[in-house]
Amino acid sequence: MFKWVHTQTVRKGPRVPMTPVGTLVLNVDVYVPRDVKLVRCKREARISNEPSAGPWCMQLHDHLIVCKGKLMETFDSEGVWLGELPKAYWPPRNLVFAALLTECGEQPDGSLSHYDDTHLVTLVVQEDGQILGFGHRKPIRGAVDLSAIRFCTNMGLNLVDNVSIHVCDVHSDDVEGRIVVLQGSLHSKKFLRASADPVAQITADCRPAMNSMRFITAGGTLGGYHLLEVTLESSKPGVGKDGSVMWRDARWTNDSIHLSGLIFEGVGGRSRDFGPVNPEMATYILRNFQQLLIKNFGSIDAAWDQVFDEDGSGVCDLQEFKLGCKKCHYLAAPDRVWAVLDQDGSGSISVEELK
Numbered sequence: 001m002f003k004w005v006h007t008q009t010v011r012k013g014p015r016v017p018m019t020p021v022g023t024l025v026l027n028v029d030v031y032v033p034r035d036v037k038l039v040r041c042k043r044e045a046r047i048s049n050e051p052s053a054g055p056w057c058m059q060l061h062d063h064l065i066v067c068k069g070k071l072m073e074t075f076d077s078e079g080v081w082l083g084e085l086p087k088a089y090w091p092p093r094n095l096v097f098a099a100l101l102t103e104c105g106e107q108p109d110g111s112l113s114h115y116d117d118t119h120l121v122t123l124v125v126q127e128d129g130q131i132l133g134f135g136h137r138k139p140i141r142g143a144v145d146l147s148a149i150r151f152c153t154n155m156g157l158n159l160v161d162n163v164s165i166h167v168c169d170v171h172s173d174d175v176e177g178r179i180v181v182l183q184g185s186l187h188s189k190k191f192l193r194a195s196a197d198p199v200a201q202i203t204a205d206c207r208p209a210m211n212s213m214r215f216i217t218a219g220g221t222l223g224g225y226h227l228l229e230v231t232l233e234s235s236k237p238g239v240g241k242d243g244s245v246m247w248r249d250a251r252w253t254n255d256s257i258h259l260s261g262l263i264f265e266g267v268g269g270r271s272r273d274f275g276p277v278n279p280e281m282a283t284y285i286l287r288n289f290q291q292l293l294i295k296n297f298g299s300i301d302a303a304w305d306q307v308f309d310e311d312g313s314g315v316c317d318l319q320e321f322k323l324g325c326k327k328c329h330y331l332a333a334p335d336r337v338w339a340v341l342d343q344d345g346s347g348s349i350s351v352e353e354l355k
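If you read the sequence shown in the UniProt record's numbering, its first letter stands for residue 1, the second for the next number, and so on.
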C-alpha cells in the first residue's frame with residue numbers, strides 16, 4: 001500500500017493529507033493464466049531467495065498481458081535496462097507505467113532486508129519488448145514490483161487523445177468476469193484541483209464494478225506522477241451510470257498523463273468486440289447512421305456543425321461524438337459507428353470521414 005501525499009490539496013489542519021493507494025501492485029494469483037513465460041533480465045537483478053517471484057510474463061486472455069515478480073535494481077534519472085518481454089507479448093506501442101519500489105538491502109546469503117520506505121519509479125515498456133526503469137535525480141536501490149505492467153496487445157477502441165480502452169472476459173476456477181484496461185496518454189494540459197470534469201469518460205457497458213478505485217500513473221515529466229480516481233457517476237435519469245476517470249492530485253498541474261496501468265473489474269455481460277468491422281457491415285452501419293443525421297438535420301454538414309463540432313475545431317473526438325449521438329437520439333451503439341469512422345485509430349474524425 002502506497003500513501004500518496006497531496007501537493008495540490010489545500011490543508012485543513014496541521015497534517016498533510018494522504019491517500020492510500022493499493023493498485024500499484026496487482027494480485028494475479030486469482031486468475032488461471034493461459035500461458036506463462038519468463039522475462040529475460042540480468043541474473044544479478046533476480047531475487048535469489050524468491051524463485052517464485054520470477055519475474056514472469058502472464059497471458060490472462062487472448063490480448064491481456066500482465067507481469068509478476070520483482071527485480072532488484074538501482075534507479076536514477078538516466079534510466080536502467082530491466083528486462084525484455086517475449087516477442088508474442090510485445091505491446092502495440094510504447095507504454096509508460098508508475099511502479100512501486102521498496103527500499104531493501106541484500107544479505108550475503110542472497111536474502112533481502114526490507115525497509116519501510118517505498119517510492120514511485122517509472123517503467124517504460126517499448127514496442128520491441130524492452131523494459132526500462134527511471135527514478136529521480138537521487139539514485140535509489142530497491143525491489144521494483146513488475147505487476148505495475150499490465151496491458152493489452154490488441155488495437156482496442158480509442159477513448160480520448162492517445163488513450164485506448166480494452167475489454168477482456170477472464171475465466172478461472174474462482175473468478176469469472178470482465179476486465180477493463182486503459183492504456184496510452186492524454187495530451188498535455190492544465191489540471192485544476194476543483195474541476196469536476198473527468199479526464200476520460202467510460203461508457204456504461206465498460207463502467208467499473210466498484211464505486212471508486214484510486215490509481216497512480218506516470219506523467220510526462222520525470223518524477224511527475226498523478227493521482228487518479230475511477231468512479232461511477234450518474235448520467236441522465238433512467239439511463240444508468242457511466243464511469244469517469246477523475247484527476248485528483250499531482251506534483252505538476254500542467255502535464256501530460258499516462259493512463260497505462262488503469263485496470264479494473266467491469267460490469268458483467270458479454271464483452272464487445274472492438275476489432276475492425278468487415279466492409280459489408282461497415283457500409284451498412286455508416287449508411288444507417290448517415291440517414292438518421294440527414295433525417296434529423298437536413299444534411300450531414302448541418303449535423304456536424306450543430307452537434308459534433310460545436311467548438312468549430314474541425315475535428316471530433318470519441319467523447320464529443322458520443323455526446324453528439326445522444327443529442328441526435330441515436331440509440332444504437334455509437335462505439336461501433338466510431339470504429340467504422342476512425343479506422344486509422346487517430347482518436348478524432350473530420351466531417352469528410354463522417355460523409
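The reader is advised that the hints may include incorrect statements.
[As the list claims (entries may be wrong)] Derived pair list, reagent style DMTMM-like, types lysine to aspartate or glutamate, alpha-carbon separation capped at 25 Å:
hint: 1; residue 1: K326; residue 2: D255
hint: 2; residue 1: K355; residue 2: D305
hint: 3; residue 1: K42; residue 2: D169
hint: 4; residue 1: K3; residue 2: D35
hint: 5; residue 1: K138; residue 2: D128
hint: 6; residue 1: K37; residue 2: D128
hint: 7; residue 1: K189; residue 2: D205
hint: 8; residue 1: K3; residue 2: E84
hint: 9; residue 1: K327; residue 2: E127
hint: 10; residue 1: K190; residue 2: D317
hint: 11; residue 1: K322; residue 2: E352
hint: 12; residue 1: K37; residue 2: E78
Worth flagging that the hints you see were computed from the coordinates, not collected in a lab.
Outcome of the hint check:
| no. | hint | result |
| --- | --- | --- |
| 1 | K326 x D255 | violated, 31 Å |
| 2 | K355 x D305 | holds, 13 Å |
| 3 | K42 x D169 | violated, 34 Å |
| 4 | K3 x D35 | violated, 33 Å |
| 5 | K138 x D128 | violated, 29 Å |
| 6 | K37 x D128 | holds, 16 Å |
| 7 | K189 x D205 | violated, 28 Å |
| 8 | K3 x E84 | violated, 30 Å |
| 9 | K327 x E127 | violated, 39 Å |
| 10 | K190 x D317 | holds, 19 Å |
| 11 | K322 x E352 | holds, 18 Å |
| 12 | K37 x E78 | violated, 28 Å |
Hints 1, 3, 4, 5, 7, 8, 9 and 12 from the earlier list are contradicted by this structure; the remaining hints agree with it.
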